[in-house]
Each structure stands twice: as structure tokens, then as C-alpha cells.
Amino acid sequence: MSARPYNFAYLDEQTKRMIRRAILKAIAVPGYQVPFASREMPMPYGWGTGGVQVTAAIIGPDDVLKVIDQGADDTTNAVSIRAFFAKTADVATTTDTTEATIIQTRHRVPETPLTGDQILVYQVPIPEPLRFLEPRESETRTMHALAEYGVMHVKLYEDIARHGHIATTYAYPARVAGRYIMDPSPIPKFDNPKLDDCPALQLFGAGREKRIYAIPPFTRVVSLDFEDYPFERTKFDAVCEFCGATDSFLDEVVTDDKGGRMFVCSDTDYCEKRRAANKKDAAE
Amino acid sequence: MYVAVKGGERAIANAHALLANKRRGDRSVVEIETRQIEEQLSLAVDRVMSEASLYDREIAALAIKQARGDLIEAIFLARAYRTTLPRFGFAEPLDTKAMALARRVSATFKDLPGGQVLGPTFDYTHRLIDFALGEACDPPPPATAPADAAPAAPRVVDIIAGDDLIERNPQGEYDAPIADVTRDPTEFPASRDARLQTLARGDEGFLLGLGYSTQRGYGRNHPFVGEIRFGEIEVEMVVPELGLAVPLGVIAVTECQMVNQFKGGDGEPARFTRGYGLVFGQSERKAMSMALVDRALRADELAEEKIGPAQDEEFVLSHCDNVQATGFVEHLKLPHYVDFQAELALLRELRREAGAPPPDAEAAE
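Chains as they are written, first to last, in this note's numbering: chain A, 1 to 284; chain B, 1 to 365.
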């Protein structure tokens, strides 16, 4: 038994064509979850098998790939997926958001605005925004078909009644192109506004759940809210300890066991660029 | 500077090296050979083949070695290998009547054509640790019957069906498309072929628990083991270019036919109903569990009240796959600090608004 050589970007061409057909359908019907014949991948379900399959189906030899997890290029799973494509597709990889043509992400949208030459691929655990309100797929598909989204608004209303706030802070539901409600994957709601009118194509892959959905470029994406309780982006009282950013999503780092905390940018590329710029300014 | 998240690349490489070293264990102990796993841990190999949907003893044994004996991990390895293999067609239906039987028992008839064949089974062993196995052993060769003595052993359910006492299997259309749950996303309600495939590769423990729950009243279906048979059977495939069925090889399977609670009324004479289980290799526990759950999942079709989880198709089929389940459960150990941070921020805001004292004030008290 010798190790057999795998196809470019691991998946065979037939599988890639099948995934591309699902992607095209997803783009044609923004926010609609297209079932696809998800394959078993050589990494576990929950580790980004949907995102990896989408990336494998769209990547070409000239692409430049960036992979982030929690906004960072150097988290172990991001490193592992980047290495997977460097090995199986021999593509150039980068940590620079502006250099990348494909960015695969888990849980974040980069702070640096994306362009029309880029594709953002999200890893999605549970694609169905209604899943925790209705566990049955046969039911939720009907609800989507009829645009019967009342339960979602009731859920948000109950949050307000109980907490005085909509208590959803990530995987915050949004309506795409005025029709389907989608789960933007567990990105913090801080990132939701970036989905709206984005020049880049956004693809969402859920491997275990076998669904692909998409937001085409320049599509209206509206986070659900009420007139008297409008959607609010998470605000931080702190600034990034490293680069001083006031406009980025911050990770809280525990520095000791006496309540010591510091806040740093979750987007490592954004933070490093700002630090380099700060240094240059200081030198001038 | 706090940089615990840095250095992921080196950490991964080091972890892999450590794992390889742990896998090998104490170098003064002889390394296990995959042939030994194939021969001496053959039931583990059977389980991996079944739940990976890949009949390849060599790959399964290698996967067990690579996974350090973690069978779900081994199943995962074998599946990830299987998914890269081309699928060039469907085999002809297996004719389990023609199986070369190593074991065949019926709980419904004391004796029957072909007889009860006990075969290799743990069933009547006393579960006493056999300390002699701690040393090398060379058991005496088992007794054998004359090669030409194997009488025909018709399937028990066919015998019952001869008296019209059990429901007929629906006649399949020869050219009807066959589901492949490894190539198409499951839709609900699922077709019976998709359901049986999903159960056949479902987790043995999960199906065992569900099957057990039907016996304890959560969707009871009054099962009798019509027959369990284990043995070898030839797989054939029709090659269109040749226009005839070509043998591909011999595989070992365990088949369980449950005879269940009868149905009748509205002019239909009463008949027993069926539940079906089939797995690679020898695993009666899995085949029986599968048959119980298959029967439970026919609740809608047979207009039965659904009161147990084993009767809920979406629940069972969506959660019986151990590779999917272990992936999603274990992914919780991946970093989630972005989402957690968003929750922290909200929680602090809620507490501030509710007038909770800031942590500093509490610490000062």
C-alpha cells in the first residue's frame, strides 16, 4: 500500500464540480441554504470541513490564501488548514488581508475592508438560524420557503422583555437581499455590518450539515431588530494595548490571577499593520 | 508580551511527534503488526469496516494501529480514505440465502431446515478472565464438519412468508436509483435505503441504546429474532460492457431479521412486520440494534403512535453518525474566545445596568 497522490486541492474534480454547482445556486438565491453532497474530509467535523471544501472547490494555482481563526493567522487550526492547502494545492499563502484572493475564516470578518477581487469563505457549524427555535429540518425548510420568520422576532422580543437587550451577541441573524434569514456563522455581531454591501463574494460552507449558502457582492444584509430597539454593534470601553486601535474587535487577555486584564485586537494582521505604521510615524 | 496564541505551527509539529512516540509506546516491547490486528482483533476490524462503510481489512487494521486503538478515530481515518476512492457502480443485491454460514441461529423455531449453527460466539462463555491468555497459547484445532455436509438453510422470514404470516418486502424496481448517503445529503423523510445505509454506518453504541430503549417501552415493537446469520457471501456486479454479473470477491456479513408485532385490520389479514439489520463482519449486537431501530422508524409507515426517540427519524438519522458527532462535540475545544468575549461584554453590561457592584468593590469587601 503506497501513499497515493491526491488531486490538486485534495478533492477530485467531479466533487469540485458538484460543490461549484451548489455555490452557483447559492449565489443565485442569496441566503438560501443549498444542500450539497459534503465529503468526508481528512480533518474532523467542526474543524472547518465545510469551509475547506468550498475553498478546495474554488481555489486555483494563482490564488493567494489567507486562513484565520478567531481573527488570527497563527491559531493552531488556522495554521493547520493553511498548511493543508499549501501541501495539497501548492498555493501561495499570506497573512496580509489585502494580498489574499481567498480568505477562509472561522468566527471573524477581517477589520480591513475587503475588495471585489476577494472571496471570503466562512466555516459554519450550524447553518440554520431557526435551528434552536425548531430542531426539525423538515419544518425549518418549510418556514424558509414561506418566509415564516415570526418565531425569530418573538425570540428577540423575549430577550428584550427579559434582559432589556437583544441578548444575542454572535451568530446574530440577518436578512439577506430582503428574503432569507441567515446565520452569519458564529461571528460576533460586531462584524455583522461588514456583511452588508460588501464588495467581496461571501461563501458559507457547513460540512457536517451539508449546506452551502452565499452573499453575492454588494448585497443588502440587514441584522434583525426592532424600530425601538435598533441593532447595536458591540462597543468596547478599552483600546488595543498593542496598537491603540479603537475600532477593532478586542480579545480580553488574562494577565494574572488578581483580576489583571488587557485588551488586544483579535485581528492579528490589522494589529501588526497598525503597529508598523505607528512605529514609522514615531520614527519620522 | 502575552503571546500564547503564537507559535501554532511549531506546537502542532511537536504535538504530532509526541503522538507518534506515544503510539509506539515502550520501544522494548515488540511493535504490533497490522496483520496481528487483522487476525487477532478481528471484531474491532469488523466494526471499523462497518462504520466506515469500507470493506478493507488491511486499511481498517492500519487505521486501528494509527488511532492507537481508538475505534471512532480509526473509523474516521478509514472514511477519509474511502471518500477519495472512485465509485464505479453498484453491486447486485446480496443473496443472503446463499451465504456460506459460519453461524445461524433462530429464536423463533427450535429446529428448522439448515439447523441452528452456533459458530464462533461469546454467547455461552463464562466471562471469567482467562489468565492462560496472558501467555502465548495454541488452542487445539476446532472440530469440522465434512465439506459437502452443509444443507440448504432458507431464511426464516421466507419460511414464515410462505404461510403469508409476515408482511412482504416491497418489490424493488430493478432499475430504480439507489441512495448513497455518502454522496447525497439526506432529506427527510428519508427513503428506506438511505435509512438502512445510515443505520449500517451508525454508531454501534448509539444504536444499541436506542434499540434497548424500544425494549423498555419507548416505542415498543415486540421483537423476535427470526434469524441471525453470519458468514461469507460473494459480491457481484453487472458490467454493462460484458452484459453479465462478474464476481468481485467474498465478504463476511452479519444479517439480522427481526419478526415484530403484527398488523392487520381494514380487511387486511394480520401479519408480522419486519425490521432489518446488515453489517460487515461479525457484529450481532450492531445488526440486532439496527433491526430494532429500523422497525421503530417505520412508525409512520405502519401508522403507529410515536412516543420514543427511536421512532423519530430526524432525531435518529441526524445523530447516529459517530464521526459527525465526535467532530462537533470535540470542536468545542477549539478556540471560541471571540464569541465568548462578545458574551462577556453583554453580561457585564447587563450586570452594570442591574446595579451589580463592580468586581473591584467586591474584592475590597
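Because the hints were derived from the structure by calculation, they are not lab data. Hints may be right or wrong, so weigh each one.
Unchecked claim - Below are the DSS-like pairs computed for lysine-lysine, each with C-alpha atoms no more than 27 Å apart in a straight line:
| hint | chain 1 | residue 1 | chain 2 | residue 2 |
| --- | --- | --- | --- | --- |
| 1 | A | Lys235 | A | Lys258 |
| 2 | A | Lys194 | A | Lys273 |
| 3 | A | Lys194 | A | Lys87 |
| 4 | B | Lys65 | B | Lys333 |
| 5 | A | Lys87 | B | Lys110 |
| 6 | A | Lys258 | A | Lys194 |
| 7 | A | Lys258 | B | Lys65 |
| 8 | B | Lys65 | A | Lys87 |
| 9 | B | Lys333 | A | Lys87 |
We went through each hint and held it up to the structure:
{"no.": "1", "hint": "A:Lys235 / A:Lys258", "in the structure": "25 Å, holds"}
{"no.": "2", "hint": "A:Lys194 / A:Lys273", "in the structure": "20 Å, holds"}
{"no.": "3", "hint": "A:Lys194 / A:Lys87", "in the structure": "31 Å, violated"}
{"no.": "4", "hint": "B:Lys65 / B:Lys333", "in the structure": "25 Å, holds"}
{"no.": "5", "hint": "A:Lys87 / B:Lys110", "in the structure": "61 Å, violated"}
{"no.": "6", "hint": "A:Lys258 / A:Lys194", "in the structure": "36 Å, violated"}
{"no.": "7", "hint": "A:Lys258 / B:Lys65", "in the structure": "46 Å, violated"}
{"no.": "8", "hint": "B:Lys65 / A:Lys87", "in the structure": "25 Å, holds"}
{"no.": "9", "hint": "B:Lys333 / A:Lys87", "in the structure": "25 Å, holds"}
Taken one by one, the earlier hints fail for this structure at numbers 3, 5, 6, 7, listed in ascending order.
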